[in-house]
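Model the full assembly from the supplied sequences, consistent with the hints where possible.
Just so you know, we're using my numbering here: the sequence shown kicks off at 1 and counts up by one.
I should point out that these hints are in silico values taken from the structure, not numbers from a laboratory. Accuracy of the hints is not assured; some may be wrong.
What the hints assert, rightly or not - Straight-line Cα separation of at most 20 Å, SDA-like style, residue types lysine to any residue; simulated pairs:
1) Lys213 x Val90
2) Lys213 x Lys116
3) Lys378 x Leu239
4) Lys116 x Leu338
5) Lys348 x Leu323
6) Lys73 x Val148
7) Lys432 x Phe355
8) Lys73 x Glu297
9) Lys73 x Arg150
10) Lys73 x Asn298
11) Lys436 x Arg232
All values reported here derive from a predicted model rather than from experimental measurement.
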Amino acid sequence: MYSQISKLAFPIALQNLLSACVNSVDVVMLNFVGQDAVAAVSLAAQYSFILWCIYFGLGTGLTILGAQYYGKKDYKAIESVEGIALRFTVIVGSLFFVGSFFFPELLMSWFTNDGKLIGLGVKYMRIVSFSYLFNTIVEVYFSTLKSVSRVKASTIVNVTANILNIVLNACFIFGWIGLPKLGIVGVALATTIAGLMRMISVFVLSAMSPDVKISFRLIFIRNKVLFQDFFRLSLPALLNDLVWGLAFSVYTGIMGHLNSDAVAAFSFVAIVRNFGQVLCFGVANGGGLFLGKVLGENNLEDGWVVSKCLVKLTVISGAVGGLIIFAASPFVLGFADLTPEAHDFLKKMLFINCFYVMGSAINTTFICGIFRSGGDSKFGLICDTINMWGYAVPLGLLSAFVFKLPVMGVYLLMCTDEFVKWPVVFWHYKSKVWLKNITRENVA
Numbered sequence: 001m002y003s004q005i006s007k008l009a010f011p012i013a014l015q016n017l018l019s020a021c022v023n024s025v026d027v028v029m030l031n032f033v034g035q036d037a038v039a040a041v042s043l044a045a046q047y048s049f050i051l052w053c054i055y056f057g058l059g060t061g062l063t064i065l066g067a068q069y070y071g072k073k074d075y076k077a078i079e080s081v082e083g084i085a086l087r088f089t090v091i092v093g094s095l096f097f098v099g100s101f102f103f104p105e106l107l108m109s110w111f112t113n114d115g116k117l118i119g120l121g122v123k124y125m126r127i128v129s130f131s132y133l134f135n136t137i138v139e140v141y142f143s144t145l146k147s148v149s150r151v152k153a154s155t156i157v158n159v160t161a162n163i164l165n166i167v168l169n170a171c172f173i174f175g176w177i178g179l180p181k182l183g184i185v186g187v188a189l190a191t192t193i194a195g196l197m198r199m200i201s202v203f204v205l206s207a208m209s210p211d212v213k214i215s216f217r218l219i220f221i222r223n224k225v226l227f228q229d230f231f232r233l234s235l236p237a238l239l240n241d242l243v244w245g246l247a248f249s250v251y252t253g254i255m256g257h258l259n260s261d262a263v264a265a266f267s268f269v270a271i272v273r274n275f276g277q278v279l280c281f282g283v284a285n286g287g288g289l290f291l292g293k294v295l296g297e298n299n300l301e302d303g304w305v306v307s308k309c310l311v312k313l314t315v316i317s318g319a320v321g322g323l324i325i326f327a328a329s330p331f332v333l334g335f336a337d338l339t340p341e342a343h344d345f346l347k348k349m350l351f352i353n354c355f356y357v358m359g360s361a362i363n364t365t366f367i368c369g370i371f372r373s374g375g376d377s378k379f380g381l382i383c384d385t386i387n388m389w390g391y392a393v394p395l396g397l398l399s400a401f402v403f404k405l406p407v408m409g410v411y412l413l414m415c416t417d418e419f420v421k422w423p424v425v426f427w428h429y430k431s432k433v434w435l436k437n438i439t440r441e442n443v444a
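Following this line, the structure appears as structure tokens:
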């Protein structure tokens, strides 16, 4: 069983690792441009992060239904669900493109009141906005491949695209092979070109695949029953990911309105934490796919056994993640070209994240992996809405702007969000109300 989970979890973890590498390379290379460039990209990327949360929520509905119908070998149902997801991503991606291309100043002002950071962020957002259109297709197709346990192809494409992104970053930032030094604009160009490459690769993979295709004709497939199921599963997951993503963007905004040193340190910490969470997300996503397939085969007792394996794996991955952050801290502190105050913030934030990653690992596996595999996406929405918007965000705002606590006091209080959820998350897991087969017999 562990080997079967690993076959799905490892490629997903590898994709997350490469994605973390790209983000870290962005910060590493922009470090040579200046602290303001690092901070500006970090703030501008919050808009992209919110869109990613929406895509992830829509992809959740697709993978939940797809994985369970894959257990029944019903490819026609999977194709219908793919079309429903594509319909939504095209609309959402287009709206985010309009916002990023035409109103970047307004969007940047949500995260900072520093005019210099806003100006740099605007340059980045206008160019990277085109990648949002490319990703409308990419995210849906890769979610479909994941739902049928084909993660190797998407891994190869993402690895290749990430390597291309890194190479282009170097070329555009340092002026290699005769190219001009473009700084923050170069990072945006590299991201957009890599996104275009991923979209082209998706069409090639689709043409080569005998049964899993991507086509705009799928948008026009009508299936009332599956649409209702998709909406019932995706809407809570989408809102959950949006609630979670917006809260993290507010965290960044709070830091952005304190001072630029806090934002710069926060940017480096986010990158290191991503490396610490690579295994955690692999277990949550890969394990969730395997569990969904087992439940779709109506093997509920086996599903419970699989879930217990995932719990053990996520505790191990969380511990490993904390050790990774601890081991990387001296190198990050030695490399980061920051002001003395920002450097001090970075040192303390890294130490906090050695422990924070365990809280994140456990909650991610339970909420996004185990519960959603059985069609239970409402619990995460309710839990995160109450926890983040009723507790963590107000606590951060009050501590920063009412009680005027020091930067590290504000940061530490916001980092309690994951641990406050543990009691209710464990209780929900033990209740087994999420342990369900949600497929239907006749969906044609």
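- prompt: Which numbered hints turn out to be false for this structure?
  reply: 2, 7
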